[in-house]
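**Q** Sequence:
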Amino acid sequence: MRVRPASQLLLPLLAAVLPAQAEPPRPGTDWPQFRGIQASGVGDGTPLPSEWNVAEDRGVRWRTAVPGLSHASPIVWGNRIFVATAVPSEGDPELKIGLYGAGDSADDMVEHSFELWCLSLERGDVLWRQTAAKAVPRFKRHTKASHANATPVTDGESVVVLFGSQGLFCYDVDGTLRWQAEVGDLDVGPHDSLDLEWGFASSPVIAGNRVIVQADIKNDPYLAAWDLTTGEQAWRTSRDDLTGWATPTCVATSDDGIHVVVNGCKHMGAYRLEDGAEVWRMAGGGGLPIPTPLVTDDLYLLTSNHRPIEASHPRKPLFAVKRSAEGTLPLPSEAEPGEHVAWLKARVGNYIQTPIVYRGLIYLCAANGILSVVDPASGERIKRQRLGEGDTGFSASPVAGDGKLYFTSEEGEVFAVAAGAELEVLAQNPLGEICMATPAVASGTLVFRTLGHVVAIADG
Numbered sequence: 030m031r032v033r034p035a036s037q038l039l040l041p042l043l044a045a046v047l048p049a050q051a052e053p054p055r056p057g058t059d060w061p062q063f064r065g066i067q068a069s070g071v072g073d074g075t076p077l078p079s080e081w082n083v084a085e086d087r088g089v090r091w092r093t094a095v096p097g098l099s100h101a102s103p104i105v106w107g108n109r110i111f112v113a114t115a116v117p118s119e120g121d122p123e124l125k126i127g128l129y130g131a132g133d134s135a136d137d138m139v140e141h142s143f144e145l146w147c148l149s150l151e152r153g154d155v156l157w158r159q160t161a162a163k164a165v166p167r168f169k170r171h172t173k174a175s176h177a178n179a180t181p182v183t184d185g186e187s188v189v190v191l192f193g194s195q196g197l198f199c200y201d202v203d204g205t206l207r208w209q210a211e212v213g214d215l216d217v218g219p220h221d222s223l224d225l226e227w228g229f230a231s232s233p234v235i236a237g238n239r240v241i242v243q244a245d246i247k248n249d250p251y252l253a254a255w256d257l258t259t260g261e262q263a264w265r266t267s268r269d270d271l272t273g274w275a276t277p278t279c280v281a282t283s284d285d286g287i288h289v290v291v292n293g294c295k296h297m298g299a300y301r302l303e304d305g306a307e308v309w310r311m312a313g314g315g316g317l318p319i320p321t322p323l324v325t326d327d328l329y330l331l332t333s334n335h336r337p338i339e340a341s342h343p344r345k346p347l348f349a350v351k352r353s354a355e356g357t358l359p360l361p362s363e364a365e366p367g368e369h370v371a372w373l374k375a376r377v378g379n380y381i382q383t384p385i386v387y388r389g390l391i392y393l394c395a396a397n398g399i400l401s402v403v404d405p406a407s408g409e410r411i412k413r414q415r416l417g418e419g420d421t422g423f424s425a426s427p428v429a430g431d432g433k434l435y436f437t438s439e440e441g442e443v444f445a446v447a448a449g450a451e452l453e454v455l456a457q458n459p460l461g462e463i464c465m466a467t468p469a470v471a472s473g474t475l476v477f478r479t480l481g482h483v484v485a486i487a488d489g
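With the first letter of the sequence shown counted as 1, position 308 gets the number 337 in the working numbering; the numbers rise by one all the way through.
Please note that the accuracy of each hint is not assured.
Computed Cβ-Cβ distance ranges for the label pairs, DEER-style [as the list claims (entries may be wrong)]:
{"id": "1", "residue 1": "121", "residue 2": "159", "range": "19 to 27 angstroms"}
{"id": "2", "residue 1": "432", "residue 2": "121", "range": "36 to 44 angstroms"}
{"id": "3", "residue 1": "107", "residue 2": "267", "range": "36 to 44 angstroms"}
{"id": "4", "residue 1": "158", "residue 2": "409", "range": "45 to 53 angstroms"}
In silico lysine-lysine, DSBU-like type, Cα no more than 35 angstroms apart, as pairs [what the hints assert, rightly or not]:
{"id": "5", "residue 1": "345", "residue 2": "433"}
{"id": "6", "residue 1": "169", "residue 2": "345"}
{"id": "7", "residue 1": "163", "residue 2": "125"}
{"id": "8", "residue 1": "125", "residue 2": "412"}
{"id": "9", "residue 1": "125", "residue 2": "433"}
Since the hints were made in silico from the structure, they are not lab data.
Small disclaimer: the values here were computed from a predicted structure and weren't measured.
Ideal placement from N, C-alpha and C gives every residue a C-beta, glycine not left out.
Input sequences plus hints: build the corresponding full structure.
**A** Take a look at the structure:
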């Protein structure tokens, strides 16, 4: 089974997925959404650093303070970085990191300022900041989450940001509000404890001239599309699923336009961008799905880790679904994956992090830092080893470029790992602050959103 380099796979798809009036993002230069182009997590094309130390100002291009608590990832287009944040009117937000199982909600139900910031990639200067809303959040958040979890998305002309139940906001790249849209009550928590409120985290994506939001919420879950130009809702499709936080991935097909591929618990699958019609669906995911679907030239890779809702469902599954899938797929098993599933492997799936496919291998990092390498042709695990000492959590998803992968612990230690099955750790690099957000990779720079700053790391 072929797995081409990300740049070869993505370039033919960009013209179809992006709005006709927009220039396509440049691999290695732009990082337009959560996990970059096509959610691949790959930013090849320029040299990237292996070692740095923020406290010693070594390898740091710049460091800019940004107030508030936010796990939204930075995105980049050209020389502009966009980052979302939620700034409380009083008090210091509680943030409890680490390996624990408690599902408590944070007690910070005060007025917040929901803001979108634009920084210069070159120097870190604040180019502009806009307040989308000032309000008390409608729902509480998990003690490890924030009130600004969703990563913005841009096509180089518009920037769209979703602040949970506060709504969907579209700005131009100079900070002028173009439109805003209601999204309803986005209340998300564990499906087996509906009284708990953990906050919304699925990020919007842009495809064609539409903005897509996957809202696997407690009441009336849905997938919906808004017109990027006007903000009018184009369609809304109900989803038969439980709560989750996964961000969808949009993929151009050869004969059926663009598909919106979604992760889920009861309903992994795909929908047509044109009208929201279902293309295929498959049950069998674990509870509380978070990872974004990944795309290779032949497969969709979908994973989840939390306990399954049915005893017959696989535990911690990693599915490789053929891109030709259609209709309702039967529940696969490792012995009998079925016509539309290339393979299924149990007990290797991810809970929080989205895995990454880089240079012919799949890498999955568990919440406890156990890193696995998987063969994409068979799903077999090639090797696994621990990053760190096993006493810290890993929530940010990995990114890659220049032959290296970067895995960020919640305490802000970034492990640079050489691409390949040997899992050679090149360096362990401190950011000096808690880091829950997935970094961006653009123009030879790693851009991190830490607890109180945006930090640019680069050689030279």
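**Q** Going through the numbered hints above, which ones does this structure break? Give me the numbers in ascending order.
**A** none
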